[in-house]
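Engineer: If you read the protein sequences in the order shown, they are chains A and B.
Position one of the first sequence corresponds to residue 1 (this note's numbering), numbered consecutively onward.
Position one of the second sequence corresponds to residue 1001 (this note's numbering), numbered consecutively onward.
Worth double-checking, as some hints may not be accurate.
What the hints assert, rightly or not - Distance ranges between label pairs, derived from CB positions: (1) Pro-484/A - Lys-1120/B: 34 to 44 Å; (2) Lys-557/A - Asp-1108/B: 32 to 42 Å; (3) Thr-235/A - Asp-1055/B: 15 to 25 Å.
What the hints assert, rightly or not - Only some residues are given here: those of chain A computed to face chain B with a beta carbon under 8 Å: (4) His-122; (5) Ser-126; (6) Pro-358; (7) Ser-569; (8) Glu-576.
These aren't lab readings, by the way, just hints derived from the structure by calculation.
Backbone N, C-alpha and C fix where the C-beta goes; we use that ideal spot for every residue, glycine too.
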Amino acid sequence: MPYDVLLGQEGKKEFLLGNEAVVRGIYEAGVSVASTYPGTPSSEIGDILYVLGNRMGIKFEFATNEKVALEIGAAAASGGLRSFVFMKHVGLNVAMDSFVSLAESGVRGGMVVLSADDPSMHSSQSEQDNRYIGKFVKSVVLEPSNPQELKDFIVAAFDLSEFAGHPVLVRSTTRISHVRAVVKFGKPREKNEWNYRKNPSLVLIPENAYKAQESLWQRIVKVSKSKYANYFNRTYGSSDTLIITSGSAYNYVEEALSKLMKEARILKVGMSFPLDTEGIMQEVRKAEKVVFVEEGGPFIEEQVLAECALQSVSKKFYGKSNGMVPYSYEMDVDRVASSLSRVFEVDYEPVQSAGGAPNREPVLCPGCPHRATYYVATLAMRQKGIRSPIAPTDIGCYTLGFYDPYRLGDFCYSMGSSIGSSSGFSMVAKEKVISFIGDSTFFHAGIPALVNAYHNNHNFLLVIMDNSTTAMTGGQPTPETSPPFNRVDIESVVRGIGIKDVFIIDPYDLKDSLETFKKALSSERLSVVISRRECALEADRKKPLSELKVFQVNQDKCTRCYNCIRNFSCAAFYTEEGRVKIDPELCDGCSVCSEPLVCPFNAIEVVE
Amino acid sequence: MVSIVFAGVGGQGVITVAMIIGKAAVMEERNALMTELHGMAQRGGRISVDVRIGDYRSAIIPIRSADLLVGFEELEAVRNLGKLRKDGIVILNRRRVHPVSMTIRKMDYPDDLIREQLEKFQVIDVDADGIAFKLGNKRVANTVMIGALHSTGVLGLREESIIRAIQGSLPDKLWEVNMKALEEGKKIVPLQAARTK
Ligand code: SF4
Ligand code: SF4
Chain A
1 MPYDVLLGQE
11 GKKEFLLGNE
21 AVVRGIYEAG
31 VSVASTYPGT
41 PSSEIGDILY
51 VLGNRMGIKF
61 EFATNEKVAL
71 EIGAAAASGG
81 LRSFVFMKHV
91 GLNVAMDSFV
101 SLAESGVRGG
111 MVVLSADDPS
121 MHSSQSEQDN
131 RYIGKFVKSV
141 VLEPSNPQEL
151 KDFIVAAFDL
161 SEFAGHPVLV
171 RSTTRISHVR
181 AVVKFGKPRE
191 KNEWNYRKNP
201 SLVLIPENAY
211 KAQESLWQRI
221 VKVSKSKYAN
231 YFNRTYGSSD
241 TLIITSGSAY
251 NYVEEALSKL
261 MKEARILKVG
271 MSFPLDTEGI
281 MQEVRKAEKV
291 VFVEEGGPFI
301 EEQVLAECAL
311 QSVSKKFYGK
321 SNGMVPYSYE
331 MDVDRVASSL
341 SRVFEVDYEP
351 VQSAGGAPNR
361 EPVLCPGCPH
371 RATYYVATLA
381 MRQKGIRSPI
391 APTDIGCYTL
401 GFYDPYRLGD
411 FCYSMGSSIG
421 SSSGFSMVAK
431 EKVISFIGDS
441 TFFHAGIPAL
451 VNAYHNNHNF
461 LLVIMDNSTT
471 AMTGGQPTPE
481 TSPPFNRVDI
491 ESVVRGIGIK
501 DVFIIDPYDL
511 KDSLETFKKA
521 LSSERLSVVI
531 SRRECALEAD
541 RKKPLSELKV
551 FQVNQDKCTR
561 CYNCIRNFSC
571 AAFYTEEGRV
581 KIDPELCDGC
591 SVCSEPLVCP
601 FNAIEVVE
Chain B
1001 MVSIVFAGVG
1011 GQGVITVAMI
1021 IGKAAVMEER
1031 NALMTELHGM
1041 AQRGGRISVD
1051 VRIGDYRSAI
1061 IPIRSADLLV
1071 GFEELEAVRN
1081 LGKLRKDGIV
1091 ILNRRRVHPV
1101 SMTIRKMDYP
1111 DDLIREQLEK
1121 FQVIDVDADG
1131 IAFKLGNKRV
1141 ANTVMIGALH
1151 STGVLGLREE
1161 SIIRAIQGSL
1171 PDKLWEVNMK
1181 ALEEGKKIVP
1191 LQAARTK
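Just chain A, with the same shape it has in the complex:
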């Protein structure tokens, strides 16, 4: 079985992805309950638990959104079980409301929340630094630097959480969660017994919340005064230049120093809230120059500077606050070296990359049903004389509709924002509003917005692109997945709200879809098109070899009208000296391009 290595004996060493190390960590920590909503760079944790959860004795489920996931974890922890909830950084925004309360209430069983941040936004809408959220809600914040620490810190985080009765936030980043390294296994522990007692601090009515607030600070002080205060921190090297660093940024410091042929004393912070100010100030006092190298904002930097102000300690400081270290985007050896070159007053100019390679925008897969949906939607609008619609879109593979040739994507903030913004647009805009959302995103945050739109009588066309999977994060199940789960039917949900104009299409059937879209566009009130067709990648996994087909362009029939590449634009098409061709390695055999609505000359044929 895949992932079986994660069940290995104590002392074994494996080459693990950070996210795999996380799973091993919660197994060793004796976690009983885990939940998530998938999001890169944390998705693999859920994929693995989905397969291995039972064998690890962990009740795991994909929740409809991160807030639900957090509440599942909180309930388990309130009864003494260890629980683990994980998500990408922006997912914590969704869970925030309950996260604040969780820190206030405290926990009985250990509870750890993992946030996988994404500096440089490789696959996200922002690079928010969730250590600030940790401090804002006043949970403990831990910052591992590599897969081994990710695992070890998680195990220790559960001890710490049970010791203090307080939740712990473990902050990872792309270059930890998505790094593979050697990880040495520890011993799995016994799980806690369910041991529920009624507890008023779980009911945060004002009177109880008032008391919880007091106990919250006591818990933080308890951590500060315990052995955990500097348990996760490490200091080494001798120099009067002190580099305070943490997380993935730490990984670049030594190589950067050796590039500059310099030395420094390094203070690696593993727990950045509450911060061991006493230990850190001892180091700061000894130093002449103090440099802060962090992934994200000046989180530790600001806390240390505040402490220096309190204690009237004045040093030469180098960090993000004074522009010595860059504020945005992820760190690497070159960026750290170029920051440190200012500290040591030497030259360091990383040689620029070889340029000139034309961009390769991300594309929808060959055979992707979203392409067909965008194609017919555009065609229908053109035929109805709708020139420039406003097209809010949402988070999923279909966000790629933003790119050429579809250009359907005018607003995309966060999960579910397509529908909320469509209400806003249709309230004031003169343009036609047509918005796009995927099935998983619809369940995650779309439903309340759609209730709002119907209730307030907004007029727009919502297209729900239902491929029955959470495709962009690797094909996780959705509330439609069944068995073994109960299937939630999108059409029934939409009709249940009261919406009358509901249309179902199979986007592979272009002709029928076009007519249906035109009908939907004629509606003078809120209407919904559900475009139903399984994700091409998922369908491919199930297809028997005998059903694999490949299409090609018959050059004798092709008139070079270029409609196929200009407007439909399957990723398998390419041109060579003006000829349209199909890359047989890429073609998925969906046959959509062979329909007359794409190639009016029937030039695209199946390879016999």
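Since the structure of chain A is provided, determine the placement of chain B with the ligands on it from the hints.
Structural biologist: Just chain B with the ligands now, kept in the frame of chain A:
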């Protein structure tokens, strides 16, 4: 200590190959790090993977520090040349995957640019797809690449570790043809070296 960049397009198996090299290193009790980057697209987007064997902490290879660049696609190889040392080696499968934005504008594949950029480096051409086709299974093209990569000698890994790592990562039923592909791949570097002499 050795740093290798693997570059290609989503769906080409770039990550699997990189992982085989990393695993082989770990089997020899060496330290290995690997990190990958891919964008939003599930297929057809650009992918690059950095693998470092030895006493490193940073999984990301700094600019101009890679010893080898393994290109699974021409344009993606060129895109990552900035990571390669001046005297680094490019191992290249001459495969082209046209970016959609170029196709929409009816642009041909940028052969001139690719030639120009690659000229500055030592390039080992591997007709991995062709060899795999001859061996009767297109799916072993990447094993040909591994063979070529191994025979540069730069990795400093034992062949048996690489074979064991392949065993753990690729389907068993392709075992024999995979071993043949590895052998064919191993012939390429000595052959091209002989030719340039
Ligand atoms: S749509 Fe048909 S005729 Fe027109 S360029 Fe494409 S293949 Fe040729
Ligand atoms: S059949 Fe046509 S549309 Fe479908 S994947 Fe192949 S080239 Fe693309």
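Engineer: Tell me, in ascending order, the numbers of any earlier hints that this structure violates.
Structural biologist: Violated hints: 1, 2, 5; rest satisfied.
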